[in-house]
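Protein sequences, first through last, are from chains A and B. Residue numbering for the first sequence follows this note's numbering, starting at 17 and increasing by one per position. Residue numbering for the second sequence follows this note's numbering, starting at 3 and increasing by one per position.
Careful, some of the hints might be misleading.
Simulated restraints on C-beta separations [as the list claims (entries may be wrong)]:
hint, chain 1, residue 1, chain 2, residue 2, range
1, A, Gly92, B, Phe136, 20 to 30 Å
2, A, Ala44, B, Leu199, 19 to 29 Å
3, A, Arg360, B, Ala120, 34 to 44 Å
4, B, Val105, A, Val237, 48 to 58 Å
5, A, Ser159, B, Pro123, 50 to 60 Å
6, A, Arg360, B, Ala189, 30 to 40 Å
A few chain B residues that face chain A, going by a derived Cβ cut-off under 10 Å, partial list only [as the list claims (entries may be wrong)]:
hint, residue
7, Pro110
8, Arg135
9, Pro176
Just so you know, these hints were derived from the structure itself, not from any lab. Quick reminder that beta carbons are idealized off the backbone N, C-alpha and C, glycines included.
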Amino acid sequence: MVELLGFGAHYPQSASDALAHVDLSIGAGESVLVTGPSGSGKSTLALCLTGVIPNAVYARLSGGIRVCGVQPAVQGVYDMASRVGLVQQDAEAQFCTMRVADEVAFGPENLMCSQAEIERRVARSLKLAGAEHLAGRALDELSGGEKQRVAIASVLAMQPRLLVLDEPAAHLDLRATRAVADSLRMIQRDSGLSVIIMEHKPWRFAGAARRMVHLDEGRVVYDGPAVWDRPGRMHSPIERRSQTRPGEPLLAVRGLSCSYGERPALADVGLDVGRGEIVGVMGDNGSGKTSLLLSIMGILKPQAGRVTLCGRDITALPVSSRASHMGLVFQNPNHQLFTDSVWREAVVGPLARGQSAEKCGPAAMSLLHRFGLADMRDRHPLTLSFGQRRRLNLAAALIGDPDLLMLDEPFAGQDMKRAEDLASLLAEVADAGKGVLLAGHDPDIMAWCCHRIVFLERGRVMLDAPASLAIAELARRGLAQDYVSSALHTDGA
Amino acid sequence: MGLNPIARLAVLVSTCVVAFRARTPLQAAVLCCAISLMHVAVGAPLRQSSFRRRLRGIFLFAAVLFASQVLLAHGAGPGERVAAGALMALRFLNVVLASHLFVSTTEPQLLAYALMQAGLPYRYGFAFIAAVRFVPYFRDQAQTVRQAQMARGIALDRATPESVFLMARYTFIPVVVSALGRVESLAVSMEGRCFGLYPARTFRRRIPFGRLDALAVAASAAVAVLALAAM
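Just chain A, same shape as in the assembly:
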């Protein structure tokens, strides 16, 4: 099905090869997990298999590649579309229509299939993806997992022989990830398709593939049975840092309730964060994690409740005043880069709050040094790598020396190396006597880097316990089975 022999890919603007000397053979009906850190070449491989590289995105190719018996670079994207289907990270971004059945029909319509054939393909694809019940729904009404299943169905409607999924769970919570993994197992069982899943957290798709290929810096470093190290076995920044324990109380939230119009977001939420403490807020997508951070920051106005920072009631304080005492880092680094240089980005907050450049300059320079960005002070922030942008976000949030640092889904879509680097930075921040509150839904990482975990369900606190006990407590209460089973899952497929 797939034959790569000494295959390489090189982007013209890049100093190193995206893929180098890759030898890989995948048989018909085989399922393979391709794993590796961000930038290891997973997405490049996916685009090469579908012919997007070099036909739509240019890269210089070397060595041999045959997919379904043909050379993708020669055949072109259109010809490959009926052989290889590609499902990308963000399902929402792939949709071309507004309703589920229309979306699945989009490909067959482009192939000039008859109305009867289109209907047949739509019904079959939705059934294979476990999304029959969604046929009549509007796309914007679907949950993240449902959208990803519709994206898979829309690719299956092209009747490919090979299905390639590029980080299909990057934007999904655990329940949705499990649903997608179940769909993939069903597709493989019922259709006999070959399936390649690009995923940097392979345990999320345990059971979906028995074989694993590990890429690193564009090379295959492992090809064999699916095995992996889970974060629990990695070096925990909390343990390494002499079991930092919360000091004096810093943030106290009591009875916080808020809503978006008539839809409640938070209901009677209470939590505490102490100095030197890292508290994780967990829960499914839509459980209220982001709303909680926005409410504490003052961006989302609460209808009831009280927020106290350092013993001072800040519930009525405007956002601009709170910004001096707390920092909030959003999920997407690009959403928080406003200016045209790293230096300006670091100081734009304090300058907007009325501080002079002389006053905030030394602090900014010190932070840029600390985060390894001082040499890049004149570069445009958008020319930085993802990790550098994330560090710049952190530096910008810490510039006013806030007591509390909040982060929304900082580990989403990040590989374990990046997660470990970020967790170490957060541990340093906590060691400096600040409080850290971070929202996320990955129990592996959250349990690994937080002192305490607060679990939200439908806007309410269902659990508040030390991280080491939180997972067991969730199991004891019979809550959130997916979270418990994910975190307790043994290694290997």
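Got chain A; can you put chain B on it based on the hints?
Then chain B, alone, in the frame of chain A:
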């Protein structure tokens, strides 16, 4: 209302022509009543909270139009200026209400499909759908960027001309960068499903265009011509 979206579009265009050709406040008021009755007849969501919020702004702008005519128009008596102001405000209201009636009863994708099945090149039809799909995306992205600005203390709690300008400047680049990534994903997705392979394409569902639709288009055309000629 079971009309084909093209027929609905024809009704909207003719209504707008009549709205602009109305010469007296009475004519415009009659049209306004007719459009409001059509809202009721087809069950358009006049009571929807989002529309009610917008309605405040719409009436405010209509009031500004009225006041500007009454206060600033030259060479006419007070009565004529009031009439001119009322006519202008009612014209504006008629166009907005008619457009709301069309938008609230017509799915954008159905309109695009109907136009494509009537002969519009499908590339333009899907460009329209993609544009409609991008509207909420841009809104959500802009909202997140504004929240990120507020969290840094950039967006001031009290809006001033300087802060509004700064917000616009700092919002544009992050939103565009996000949009570019999304456009790339969409392009890969469309090409990967053979969009553009053939000059034509088939459709899973046909948007029927029946006698009633033909009648509505013909009647709309006739009304528009009459309005242009007679009023």
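Check your understanding: Taking the closest Cβ pair, is Arg135/B under 10 Å from chain A?
Key -> The hint holds - Arg135/B has a Cβ within 10 Å of chain A, the shortest such distance being about 7 Å.
Practice item. Using 10 Å as the Cβ threshold, decide whether Pro110/B counts as touching chain A. Key: Hint holds; Pro110/B Cβ to chain A Cβ min 7 Å, cut 10 Å.
Review point. Okay, Val105/B versus Val237/A on CB: inside 48 to 58 Å?
Key: 55 Å, holds
Point to revise | Cut-off 10 Å, beta-carbon criterion: hint that Pro176/B touches chain A | key: 5 Å, holds
Practice item. Determine whether the Cβ-Cβ distance between Arg360/A and Ala120/B falls within the hinted range of 34 to 44 Å. Key: Cβ of Arg360/A to Cβ of Ala120/B: about 52 Å, so the range 34 to 44 Å is violated.
Exercise for review: Can you let me know if the beta-carbon spacing of Gly92/A and Phe136/B is within 20 to 30 Å?
Suggested key: 28 Å, holds
Point to revise | Distance restraint evaluation - Ala44/A, Leu199/B, Cβ atoms, bounds 19 to 29 Å | key: 26 Å, holds
**Study point:** Consistency of beta-carbon spacing, Ala189/B to Arg360/A, with hint 30 to 40 Å
**Key:** 32 Å, holds
Review point. Is the distance from the Cβ of Ser159/A to the Cβ of Pro123/B consistent with 50 to 60 Å?
Key: 35 Å, violated
In this structure, the earlier hints numbered 3, 5 are contradicted, and the remaining ones agree with it.
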